[in-house]
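Number of protein chains: 4
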Amino acid sequence: MSLTIYGEQLNSRLLIGSALYPSPEIMKQAILASGSQVVTLSLKRQNPAENSGQKIWQYLQDVVAQTNGKLLPNTAGCKSAKEAVTLAKMSREIFQTDWLKLEVIGDDYNLQPDPIELITATEQLLADGFKVLPYCTDDLVLCQRLYDLGCQVIMPWASPIGTGKGLMNPYNLETIRMRLPEATLILDAGIGKPSDACLAMEMGYDGVLLNSAVALADNPVMMAKAFAQALQAGELGYVAGVMEQRQTAHPSTPTLDTPFWHQNS
Amino acid sequence: MSLTIYGEQLNSRLLIGSALYPSPEIMKQAILASGSQVVTLSLKRQNPAENSGQKIWQYLQDVVAQTNGKLLPNTAGCKSAKEAVTLAKMSREIFQTDWLKLEVIGDDYNLQPDPIELITATEQLLADGFKVLPYCTDDLVLCQRLYDLGCQVIMPWASPIGTGKGLMNPYNLETIRMRLPEATLILDAGIGKPSDACLAMEMGYDGVLLNSAVALADNPVMMAKAFAQALQAGELGYVAGVMEQRQTAHPSTPTLDTPFWHQNS
Amino acid sequence: MSLTIYGEQLNSRLLIGSALYPSPEIMKQAILASGSQVVTLSLKRQNPAENSGQKIWQYLQDVVAQTNGKLLPNTAGCKSAKEAVTLAKMSREIFQTDWLKLEVIGDDYNLQPDPIELITATEQLLADGFKVLPYCTDDLVLCQRLYDLGCQVIMPWASPIGTGKGLMNPYNLETIRMRLPEATLILDAGIGKPSDACLAMEMGYDGVLLNSAVALADNPVMMAKAFAQALQAGELGYVAGVMEQRQTAHPSTPTLDTPFWHQNS
Amino acid sequence: MSLTIYGEQLNSRLLIGSALYPSPEIMKQAILASGSQVVTLSLKRQNPAENSGQKIWQYLQDVVAQTNGKLLPNTAGCKSAKEAVTLAKMSREIFQTDWLKLEVIGDDYNLQPDPIELITATEQLLADGFKVLPYCTDDLVLCQRLYDLGCQVIMPWASPIGTGKGLMNPYNLETIRMRLPEATLILDAGIGKPSDACLAMEMGYDGVLLNSAVALADNPVMMAKAFAQALQAGELGYVAGVMEQRQTAHPSTPTLDTPFWHQNS
Chain A
1 MSLTIYGEQL NSRLLIGSAL YPSPEIMKQA ILASGSQVVT LSLKRQNPAE
51 NSGQKIWQYL QDVVAQTNGK LLPNTAGCKS AKEAVTLAKM SREIFQTDWL
101 KLEVIGDDYN LQPDPIELIT ATEQLLADGF KVLPYCTDDL VLCQRLYDLG
151 CQVIMPWASP IGTGKGLMNP YNLETIRMRL PEATLILDAG IGKPSDACLA
201 MEMGYDGVLL NSAVALADNP VMMAKAFAQA LQAGELGYVA GVMEQRQTAH
251 PSTPTLDTPF WHQNS
Chain B
1 MSLTIYGEQL NSRLLIGSAL YPSPEIMKQA ILASGSQVVT LSLKRQNPAE
51 NSGQKIWQYL QDVVAQTNGK LLPNTAGCKS AKEAVTLAKM SREIFQTDWL
101 KLEVIGDDYN LQPDPIELIT ATEQLLADGF KVLPYCTDDL VLCQRLYDLG
151 CQVIMPWASP IGTGKGLMNP YNLETIRMRL PEATLILDAG IGKPSDACLA
201 MEMGYDGVLL NSAVALADNP VMMAKAFAQA LQAGELGYVA GVMEQRQTAH
251 PSTPTLDTPF WHQNS
Chain C
1 MSLTIYGEQL NSRLLIGSAL YPSPEIMKQA ILASGSQVVT LSLKRQNPAE
51 NSGQKIWQYL QDVVAQTNGK LLPNTAGCKS AKEAVTLAKM SREIFQTDWL
101 KLEVIGDDYN LQPDPIELIT ATEQLLADGF KVLPYCTDDL VLCQRLYDLG
151 CQVIMPWASP IGTGKGLMNP YNLETIRMRL PEATLILDAG IGKPSDACLA
201 MEMGYDGVLL NSAVALADNP VMMAKAFAQA LQAGELGYVA GVMEQRQTAH
251 PSTPTLDTPF WHQNS
Chain D
1 MSLTIYGEQL NSRLLIGSAL YPSPEIMKQA ILASGSQVVT LSLKRQNPAE
51 NSGQKIWQYL QDVVAQTNGK LLPNTAGCKS AKEAVTLAKM SREIFQTDWL
101 KLEVIGDDYN LQPDPIELIT ATEQLLADGF KVLPYCTDDL VLCQRLYDLG
151 CQVIMPWASP IGTGKGLMNP YNLETIRMRL PEATLILDAG IGKPSDACLA
201 MEMGYDGVLL NSAVALADNP VMMAKAFAQA LQAGELGYVA GVMEQRQTAH
251 PSTPTLDTPF WHQNS
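Same order as they appear, the protein sequences are chains A, B, C and D.
Taking this note's numbering, I'd label the letters of the first sequence as residues 1 to 265.
Taking this note's numbering, I'd label the letters of the second sequence as residues 1 to 265.
Taking this note's numbering, I'd label the letters of the third sequence as residues 1 to 265.
Taking this note's numbering, I'd label the letters of the fourth sequence as residues 1 to 265.
To be clear, the hints were calculated from the coordinates, so they are not data collected in a lab.
As the structure is a prediction and not an experimental result, all values here were calculated from the model.
Certain hints may be false.
[Stated by the list, open to error] What follows is a list of derived Cβ distance ranges for each label pair: (1) E174/B x Q152/C: 31 to 37 Å; (2) E174/B x S23/C: 34 to 40 Å; (3) E174/B x T97/D: 52 to 58 Å; (4) H250/A x S80/B: 20 to 26 Å; (5) E25/C x R246/A: 52 to 58 Å; (6) I26/C x H250/B: 37 to 43 Å; (7) K89/A x S80/D: 49 to 55 Å; (8) E174/C x Q96/A: 55 to 61 Å; (9) D108/A x T97/D: 35 to 41 Å; (10) P170/C x S80/D: 38 to 44 Å; (11) I26/C x D128/D: 52 to 58 Å.
Beta carbons: idealized from backbone N, C-alpha and C, even for Gly.
This is chain A alone, in the form it adopts within the complex:
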């Protein structure tokens, strides 16, 4: 049940963020408990008093090394293709990886991806050798474009980042899965509960990226384990083939008029 991203084989289908944890130590424990091997990080990270800049980065590098996984720099907070491309290049240099979670924010209220700027930035970064994982809305045509441009991984949102609203538009998400059967689809942003992640996997998604749902839980380490199990449950459920919904009730115990010990006499 491994996930392959740009040729890398990973043991977990969970991708996890590194922000908003109560402390670096809890972050480390939560990441390790999650089983995730892909950890996102932003260069534009807000400066925590006790752990500013490079220290946090070195700390994270150590954590990722323990997972035997990959650091996934992101361009969170960028509002134009140009800004994102610039930051991406800095990230590549500093973090020594061509993997990139590409975010270009288009609105300050819902913090949604800007579809136009996202396409522009994706084109430039792919041409420059990046392995782009674009964070996008649940717009099929946008996802198709990004895939056609050469992104092997597409990451539509479930709902606005940090809301914990879960899967706002299951119809759109199912349509994307159906129409892009070859793409690696990671559901990104808006996941609130383990059951949300489980549902995404039951739809046939290849993975889930989340941050707040773990970092803001009362117990982030335990919640990380909960998500790890929820993804496995959902994946198993998808492979095992979920029963069809039915409009009318069906007895699980079809009955005859007489109990069996009378029938057998």
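Starting from the known structure of chain A, fit chains B, C and D onto it as the hints suggest.
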């Protein structure tokens, strides 16, 4: 993370049905894979050609013995308190257990429990020494009555049996949990997907009883494992404390105007 | 498009409450604007400083007279069959009507009807000559019982009273409509928006009873008109036959490869 | 309660399509019954045996003249900016109007607008003097772009065209309304029931465009009236100020322990 039902401690929070499987062998494997230690069975079971009546019962007894668990006879298909009480007494004699999943069906279309007959039957059976697990609707007052009568376990439905519609009315289910904090609450009927079971556990339910969702899956044995994991994920998530939903987006990476390596200079 | 309740023909399918308005004058205007001819009132009404007890009742009688309609006393706040029956008899004497909206509350949190006490009170009141309109939950078996006892009108809830949550469980409500085709079904409690009332009518319900949604609107008089139109829209929609939902998109303009002016050449 | 579109004041907030009706006569009656003054039409219309091409157009022109309204040519079925622009110019010439419902389809399954091609076509057509009403997805950034380009009217979808699924993503639709307070917002595509249209208006939308919901009803003429009323109900409801949803029940009749006639003694 064990579940206690009428003083019995169980290793799994999943209760499972024994009907509708493709074959007895697959049923056995699915039950064992689920980790469940409580298996429901109806005396009024439809007569399968190759495994009629007592044979099936003996087979099931063996399976339950392997789980080190309990057989839970049910009164599926009964339409009156009187009929259910009669069948319950037969079941106790044959299966040598005073545990009983009490079903009294009130309508042929949605196969819902009849609240009035259910209360009548519950009173009589509790007085007669049964340990009653009543299958009921998601009506708080009905659940409260059953609890006040002495049922330690209450089993509201998620949706009509066999529909796989999942949790039709989360508001009602959450209200029951909040108002009956001491009762052992098992969600029963209508579960379709592992994420449904996960969601029930995230709400603080003590367990889930299902049958069709496993038996009618393309691969019942794998689906049984999926549900086992989904329940664990949901329970962990409940204990770990799910984040609050928020109406507006929040960046998981709060950003400053300048990347940290500039800030640090 | 008239509604018949216990032999009375009414011009409106809206039944309206008389509580929570900013002032008696606004209440009067709102009731008149709604077109409703059935106004509910409780004897156990909280005593407004400026309009205590009998004054409010006389005022309401005048309003109802202007609608050429009926006063519908209710037993809001009663918690047992006995209490409700006593209050019903007082109401009949004072208000000179055998119509009764029967409420027996079973829980202080969700203020839901108590199905057991409701049946007991219904039996006694029908036997005593009352024309009972029972407020009940969306439980099909309970609705069927009340209908079988002789209630010509059944009033299931949409959601808990005063929440404005709208139709919590459309499946249950649709099932009740389908299974009780002869009963007059009024959706009662929980309506928040005109679209909720419209949806109820599209399902084939015979009417809607509401109070908070009008009384707590910024402009109760205008909201009363909005609901009057919404009910008419929903009823027309039901009679006109709503299109089937479809899973896949269908062009409303099926196109050929060439525009028609080329086709016609 | 009039609607202004590109300076034209209209008496109805409903825009209606001219396809899929059982007959031209029923189409005419339905349009007149709807009260709509804006009727969409496609040059690429499928050729009905009895009413091919120009005949249908002349017939529609007559109907629109009777409404004292406007014909709104659309580019349904176009799959690229280029194709849409070409068709738009033909439409302007033939129908003698610079109004245009701009559709550029991006996927054959969900028939959704292509956000990229849509922007390209919008730019060209606005520059060429068209009054563009773009049909788009419920993507806030896309809507913002179209508005910034100079479209006074924006028409996001409710759900895929012809599905009748109603408002798939209320969160997105509410966000667009909140973030674009000055734009004229018309909900377009996916409307199935009058209550869907009512809900859109309650959200503060300025109008609704639909076709299948009326044309495919059992009785299109009656359904047209139903929608006309539903829009008015929703608009009134929006202006009147819908009550806040509440999580817990609130009695509409707050009660004291004693009835008022005792209190007054």
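Hint check:
1. E174/B x Q152/C: 31 to 37 Å: holds, 35 Å
2. E174/B x S23/C: 34 to 40 Å: At roughly 36 Å between Cβ atoms, S23/C and E174/B fall inside 34 to 40 Å, so the hint holds.
3. E174/B x T97/D: 52 to 58 Å: 54 Å Cβ-Cβ, so the 52 to 58 Å window holds.
4. H250/A x S80/B: 20 to 26 Å: The hinted range 20 to 26 Å holds for H250/A and S80/B, with Cβ atoms some 21 Å apart.
5. E25/C x R246/A: 52 to 58 Å: holds, 53 Å
6. I26/C x H250/B: 37 to 43 Å: At 41 Å between Cβs, range holds.
7. K89/A x S80/D: 49 to 55 Å: violated, 33 Å
8. E174/C x Q96/A: 55 to 61 Å: holds, 59 Å
9. D108/A x T97/D: 35 to 41 Å: holds, 38 Å
10. P170/C x S80/D: 38 to 44 Å: holds, 41 Å
11. I26/C x D128/D: 52 to 58 Å: holds, 53 Å
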